[in-house]
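Protein chains: 4
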Amino acid sequence: MTRPKVLLAPHMRSMVEIFADQDIERLQSFAEVLWAKDEPLPDTELNSLIGDTWAYVAGHPAASAELLAKAPKLKAIIEVAGSFPSTIDYRACFDNRVRVLSCAPAFGEQVAEMALAMMLAGGRGLVAEHEAFRASAEEWQHDRPDFDFSLYDQEIGFIGAGSIARALLPLLRPFRCRVRAYDPWLPESALRQMGCEPASLDEVLRASRAIVVLAVPTRENEGLLGANQFASMQTGSLLVLISRSHLVDFDAMTEAVKSGQIQAAIDVFPEEPYDPAGPIRQAPNTILSAHRAASIRKNRQAIGKMVVDDLEMMARGIPPNRLLSAQPELIPLYAST
Amino acid sequence: MTRPKVLLAPHMRSMVEIFADQDIERLQSFAEVLWAKDEPLPDTELNSLIGDTWAYVAGHPAASAELLAKAPKLKAIIEVAGSFPSTIDYRACFDNRVRVLSCAPAFGEQVAEMALAMMLAGGRGLVAEHEAFRASAEEWQHDRPDFDFSLYDQEIGFIGAGSIARALLPLLRPFRCRVRAYDPWLPESALRQMGCEPASLDEVLRASRAIVVLAVPTRENEGLLGANQFASMQTGSLLVLISRSHLVDFDAMTEAVKSGQIQAAIDVFPEEPYDPAGPIRQAPNTILSAHRAASIRKNRQAIGKMVVDDLEMMARGIPPNRLLSAQPELIPLYAST
Amino acid sequence: MTRPKVLLAPHMRSMVEIFADQDIERLQSFAEVLWAKDEPLPDTELNSLIGDTWAYVAGHPAASAELLAKAPKLKAIIEVAGSFPSTIDYRACFDNRVRVLSCAPAFGEQVAEMALAMMLAGGRGLVAEHEAFRASAEEWQHDRPDFDFSLYDQEIGFIGAGSIARALLPLLRPFRCRVRAYDPWLPESALRQMGCEPASLDEVLRASRAIVVLAVPTRENEGLLGANQFASMQTGSLLVLISRSHLVDFDAMTEAVKSGQIQAAIDVFPEEPYDPAGPIRQAPNTILSAHRAASIRKNRQAIGKMVVDDLEMMARGIPPNRLLSAQPELIPLYAST
Amino acid sequence: MTRPKVLLAPHMRSMVEIFADQDIERLQSFAEVLWAKDEPLPDTELNSLIGDTWAYVAGHPAASAELLAKAPKLKAIIEVAGSFPSTIDYRACFDNRVRVLSCAPAFGEQVAEMALAMMLAGGRGLVAEHEAFRASAEEWQHDRPDFDFSLYDQEIGFIGAGSIARALLPLLRPFRCRVRAYDPWLPESALRQMGCEPASLDEVLRASRAIVVLAVPTRENEGLLGANQFASMQTGSLLVLISRSHLVDFDAMTEAVKSGQIQAAIDVFPEEPYDPAGPIRQAPNTILSAHRAASIRKNRQAIGKMVVDDLEMMARGIPPNRLLSAQPELIPLYAST
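Residue numbers (our numbering), protein chains in the order written: chain A, 2 to 338; chain B, 2 to 338; chain C, 2 to 338; chain D, 2 to 338.
Don't take every hint at face value.
EDC-like cross-link-like pairs, simulated, lysine to aspartate or glutamate; straight-line CA separation at most 16 Å [to be verified]:
id, chain 1, residue 1, chain 2, residue 2
1, B, Lys76, D, Glu330
2, D, Lys306, B, Glu189
3, B, Lys76, B, Glu273
Quick look at which bits of chain A chain C covers, simulated, 3 or more residues with Cβ under 8 Å [what the hints assert, rightly or not]:
id, segment
4, 20-33
5, 319-329
No wet-lab data here; the hints were simulated from the structure. C-beta atoms are modelled at their ideal positions from N, C-alpha and C, and glycine is treated no differently.
Whole structure, please, built from the sequences with the hints as guidance.
Spelled out as C-alpha cells, the structure:
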C-alpha cells in the first residue's frame with residue numbers, strides 16, 4: 002500500500018522552526034514528504050506536485066478552484082501562519098470535502114500568557130514605575146492611586162471569548178475574578194460553562210477594571226471600540242489589546258490614553274512596523290510590545306506537532322482533533338485582513 | 002459584664018488605611034476602643050492605658066517586660082506593619098500567656114501577585130522590549146533569544162516556602178510548572194503536599210529558569226546568594242527578589258545582571274530609598290520596583306479585617322485564626338532587621 | 002421576514018422533560034414551532050411538514066435520502082435520545098449540507114458523576130459493607146484488605162477518552178490520580194493536554210487499581226475486554242462499566258468477579274432489563290445499577306437548553322457550539338447498536 | 002552530642018501499622034528510639050524511661066502532672082490514635098512548654114473521601130438501587146424522584162468546618178456546589194476564604210440538599226441535631242454523619258429516616274459495635290458503615306511520617322508543622338469522649 006503524500010511548504014516559516022526532529026520522523030513513518038524546503042514553493046512546482054498530494058501544508062496556502070480541480074487525492078489544506086488566508090477558495094474545498102485547518106490553536110497558551118502578563122504589569126504599575134526608577138524619580142512603597150489595582154476579586158472584561166479566552170480563563174481563576182464576556186458568536190450558556198458571565202459590550206466597558214481584546218477580526222467588529230467606548234470605561238482602567246488592532250479606533254485610543262482616561266497595554270498596531278514617530282510611543286501609562294504575544298520561538302514547534310498529530314489521525318480515517326477546522330458559516334464573516 | 006479594652010495605635014499606618022468602617026463597628030460591638038488616633042502614642046499614655054488593656058494593636062508595638070508587668074489583663078499584642086518587631090520581649094509574652102500576632106498574612110496574595118507579574122514580565126521581555134519601543138528600536142515578532150521564556154511547563158525555583166509561596170503556588174498551577182523549593186524550616190513532605198519538590202539550594206539554582214526569593218530574613222540566610230550562586234544559575238535565567246535583599250549579596254547580583262549572566266526583577270534593596278546613582282539603575286535586563294509588592298492601598302484594609310476577626314474569636318475564648326502567631330522556637334532565629 | 006420552522010417530535014421523551022418553559026419561549030422568539038407533541042409523529046405528518054422545516058428535532062429522527070429530497074429548507078437534524086441513530090442517511094445529509102447533531106454532551110457531567118460515585122463506592126467498600134451491616138455481620142473500623150483503596154494518589158485507567166472522560170477528569174484531579182488512557186481515536190498529545198497519560202490497552206489493564214469503561218461502541222471494540230484481559234488486571238482491582246456493555250464479554254466479566262479476581266460496578270447490561278435470574282445479580286463485590294448513569298430527571302432539561310442554544314446560533318448564521326456534530330469520518334465506525 | 006530520646010508506645014496501634022521502614026530509619030538517624038514495641042507500655046517502665054525522654058509518642062499517652070514533674074527533658078507528647086485524650090494534664094504541659102500534638106491531620110483526606118463517597122452514593126441512589134437490583138426489583142433508567150440529586154450546582158451544608166472540611170472542599174469544587182457552613186469557632190472571613198458561605202445552623206438545615214456533619218464533639222454541640230432540626234430539613238435531603246454521633250439525637254434521626262423525611266449515610270454510632278437489632282439497621286434510604294471513614298490500612302503510615310517529620314523539625318529547633326498542636330483555649334471546650 003502506498004503512503005499518502007504530504008506537501009510541506011512552510012515559507013515564511015522555516016522547517017526547523019515549526020517541526021521538531023521527532024515530529025518529522027513521526028510524519029515520515031506513515032507519509033511520504035514532498036518539497037520540505039524553506040524557500041517559497043514556485044507555482045509550477047505546486048501545480049506539478051498537487052496531483053499526488055493528500056495533504057498540503059503551507060505558510061500561505063494558495064488554493065484556487067482551478068488548483069483543487071487538479072488535486073483528486075487532496076483531503077486537507079493546513080495553514081501554519083496562524084489564520085485562515087484569503088488565498089483559499091473555501092467553497093470549492095467544502096464541495097470537494099477537503100478539510101481546511103489552521104494552526105491558530107498552537108498559539109492559545111502563549112498569547113494568553115502575554116495577556117495575563119500585561120494585565121498584571123498594568124494593574125501593578127510594573128512598567129510605569131520601572132521607568133520612574135530608571136529616571137531616579139521612583140516613590141517608595143507607593144501605589145499609582147488612579148491606575149494600580151490587584152487582579153484578586155477584580156472585575157474583568159473580555160471582548161471575544163474564543164480559544165485565547167479559553168486559555169486565559171484558567172490563568173485568572175486563582176485570582177477569583179468576575180469575568181464578563183461579550184461574544185456575539187457564542188450562546189450565553191457556553192459562556193457560562195466556560196466560567197464567564199455573558200454581557201453586552203456596554204456592560205463590559207462600564208463594569209470592568211481591565212478589558213482584554215481577544216476577538217478575531219470580522220466584517221462586523223472593525224473599529225468596535227472608538228471614542229465613545231473609551232469614554233464609557235472607568236477612569237484609569239486598563240485596555241489590553243492583544244488580538245488585532247482592527248477592533249479599535251487607534252487614534253481615539255491614543256487620545257484616551259494620553260488624556261489619562263485609560264491605561265493601555267498594546268501588542269498589535271494598525272501598521273507594523275509602527276511609525277517611529279507615532280503618537281502612542283511616548284504616551285504615559287502604556288505598555289508597548291511589538292507583536293510579541295506569540296513570539297516564543299521554542300514554542301512554535303507546537304505547530305508542527307499539531308500538524309503531524311492531525312495528519313496521523315486522518316491517515317487512520319479519524320477526524321482531526323488539534324487544529325482548527327474552517328467552518329462554512331464563519332469563513333464569510335472573517336475580515337479579509 | 003464589661004467589654005474588653007482594645008488599644009489601637011496604628012502609627013505609622015493610619016486608622017482609615019487599615020480599618021474599614023464596618024470592621025471598626027464590628028470591633029466596637031464587643032470591645033471598648035482606646036486611643037484610636039493616627040498620631041504616635043506617647044509612652045506616658047501607653048503606660049497609663051496598658052493596665053486596662055486586653056489587646057494592644059500597634060504599628061510598632063513596644064512591649065518590654067516592665068510594661069507587661071503593668072498589664073495584668075493583656076492577652077494579645079498585634080503588630081500591623083508586617084513583621085515581628087524587636088521591640089517586644091517575646092519571652093515575657095510567652096511566660097505571661099500573651100499571644101503576639103503579626104498581620105503578615107494580610108499581604109500574602111498581593112505579594113504573590115507581584116512575584117507572578119515579575120516572572121511573566123521577565124520571561125516575556127515586557128519591560129525590556131517596552132524600553133526598546135520607547136526608543137523606536139523595537140524588533141517585530143521577535144523574542145530575546147537568551148532571556149525570553151514561557152512559564153508553561155517551566156522549571157521554577159523557590160527560595161523559601163512560607164506564606165507567600167503558599168499564595169504563589171495556585172497562581173503557577175495552571176502553567177503546569179515544576180517547582181523546586183528550598184526551605185530548611187519545612188519537612189520534605191510538607192513541601193510535597195504544597196505541590197513543590199523539595200530541593201537543595203544548589204539544585205534550585207542549577208535547575209530553574211526562574212528563581213523567586215521568598216524567604217523571611219533569618220540569622221542564617223544573610224547573603225545566601227553571592228557570586229558563586231549567581232554563576233551556578235542558568236545563563237539568562239531570571240531572579241525575582243521579592244522578600245528581602247538581606248538574602249543576596251547585592252553587588253554580586255548587580256555584576257551578574259550587568260554581565261548578562263542573569264536577568265533580575267527587584268522589589269527590595271539594601272537601603273531604601275536606593276542611591277539615585279546606584280549601579281543597578283541602568284543595568285540591562287532588569288525590572289526595578291520601589292518596594293511595591295504590598296503597595297495596593299485598597300487591599301490594606303485586609304489587615305484591619307483580620308485583626309477584628311481574631312479579636313472577635315479571642316473575645317469568645319477561641320484561638321486566633323487569621324493572623325500569624327509568634328512561635329517561641331522561631332523568634333530567636335529571625336534576623337533583627 | 003419569515004421565521005424558520007422547527008419541528009419538535011421528542012418522543013420517546015416528552016416536551017416538558019427536555020424543555021424548560023424559558024427555553025421554549027426563547028425558541029419561539031426566533032422560530033415557528035411545529036408539532037411539539039409528546040406522541041409519536043406519524044410518517045404522513047412528517048412527510049407533509051418536512052418541506053417547510055428548517056430544523057428537525059426528534060427522539061429518533063428518521064431521515065432517508067427520500068425524505069431529505071423533500072426538505073429543501075432543512076439545515077439541521079437534532080436527536081434528543083443520546084446517540085446518532087441508524088435511521089439517518091448521513092451521506093445524504095453531508096451532501097445536502099444538513100448538520101446532524103446529537104444531545105450526547107448534555108449527559109457528560111451526570112455520567113461522569115456516576116462513574117466517580119462508583120469508583121469511590123467500590124474503593125471504599127460502601128456497598129459491600131452496607132450489605133454486611135444489614136446482615137449484622139459488619140466488622141468495625143475494618144477495611145476489605147484485597148478490595149479497598151483510596152483514590153488519592155491512585156493509578157487509574159480509562160478505556161475511551163471522549164466527552165465523559167473530559168467531564169470525569171476534573172472530578173479526579175483533587176485526588177492527584179495518575180490516569181492512563183487508551184483511546185485509538187485521539188493523538189497522544191491530545192490525551193496529555195487533557196491530563197491523561199497515553200497508554201496501550203494492556204498497560205491500562207496491568208497498571209490500574211480502577212478502570213473505567215467510557216468508550217462509545219464501535220465496530221472495532223466489541224468484546225474488547227474478555228477473560229484474558231480480566232486475568233491481566235490486578236487482583237481486587239475495580240472495573241467500572243459505564244458506557245456500553247458492548248465492550249465487554251459479560252460472561253467472562255461475571256466469572257472474573259465471582260472468582261474474586263476483580264470487583265465491578267456495572268450500569269449497563271447486554272440486555273436491558275437484565276434477566277431476573279442472571280448470574281451477576283448475587284455475585285459478591287459488585288455494585289449493580291439499572292442503567293441509571295444519566296437518570297437524574299431534573300438535569301434532562303439541559304438537552305432542550307443545548308438544542309435552543311444551537312438553533313439560536315444557527316438562525317444567526319453561526320455554527321452550532323453545544324451539541325455534538327456528526328463527523329463524516331466517524332459515522333461509519335460506530336457500532337449500529 | 003547525645004541524640005534526643007524518643008519513646009514509642011503505639012499500642013493500640015502497632016509499630017508496622019503506623020511506621021514505614023524508611024520513616025523509622027529516618028527517626029533513628031537523629032534520635033535514639035526507646036521501647037518501640039506493640040504491647041502496652043507498663044506504668045513502671047514509663048516512669049523509669051520518662052526521665053530521659055525528649056518526645057513521648059503513644060496510642061493513648063498518659064501524662065499526669067506527676068509524670069511531667071519527672072520529665073525534665075520532655076518537649077513533646079504525641080498521640081497516634083486520632084484525638085486529644087483526657088489522660089493528659091494539658092495545663093501542666095503548657096506550663097512546662099511541652100507541646101501536645103495529635104495525628105488527626107493524617108486522616109483528613111481519607112475521611113473527606115468517605116464523605117464524598119457517601120454524598121454521591123446517597124444522591125445517586127447507588128446503595129438503594131443496588132439493593133433493589135439484588136432483589137430483582139430494579140426499575141430501569143429510573144430515578145428515585147424524592148431522593149436522587151446530582152452534586153453539580155447543588156446546595157450543600159457543612160456542620161463544622163475544620164480539617165475534614167478543608168480536605169472535602171477541593172473535592173466538591175469541580176461540582177460547582179454552593180457550600181454553606183456553620184462553625185462557631187471560625188470567623189466569617191475564614192469560612193469565605195475557604196470557599197464556603199458562613200451560615201447559621203438553621204440556614205444550613207433549611208437550604209441544603211445534603212448536609213455533612215464534620216464537627217468535633219464539644220461540650221456545646223451534644224445532640225445539636227434533634228427532631229426539630231430534622232423536621233426543618235428539606236424532604237428527601239441527605240444527612241451524612243461522619244465525625245461523631247455525639248452531635249445527633251440518634252433516635253430522632255432514625256425516626257426521620259424511617260418516616261421518609263430524610264435519607265442518611267452513617268459512619269458513626271452512639272455505641273460501637275452497634276446493637277445487632279438496632280432500629281436503623283433495616284431503615285430504608287440509609288447507607289450504613291461501621292466506622293470505616295479512616296479505615297484504609299495502607300494510609301495509616303501517614304501517621305508515622307507526620308510524627309517523624311515534626312520530630313525532625315523540633316530536633317533542629319523548628320516548630321512542628323504537620324501534626325495538630327493542642328491550643329490552650331480549645332482543650333477545655335472538647336467533649337471528653
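Evaluated hints:
| no. | hint | result |
| --- | --- | --- |
| 1 | Lys76(B) / Glu330(D) | 12 Å, holds |
| 2 | Lys306(D) / Glu189(B) | 10 Å, holds |
| 3 | Lys76(B) / Glu273(B) | 35 Å, violated |
| 4 | 20-33 | violated (count 0) |
| 5 | 319-329 | holds (count 6) |
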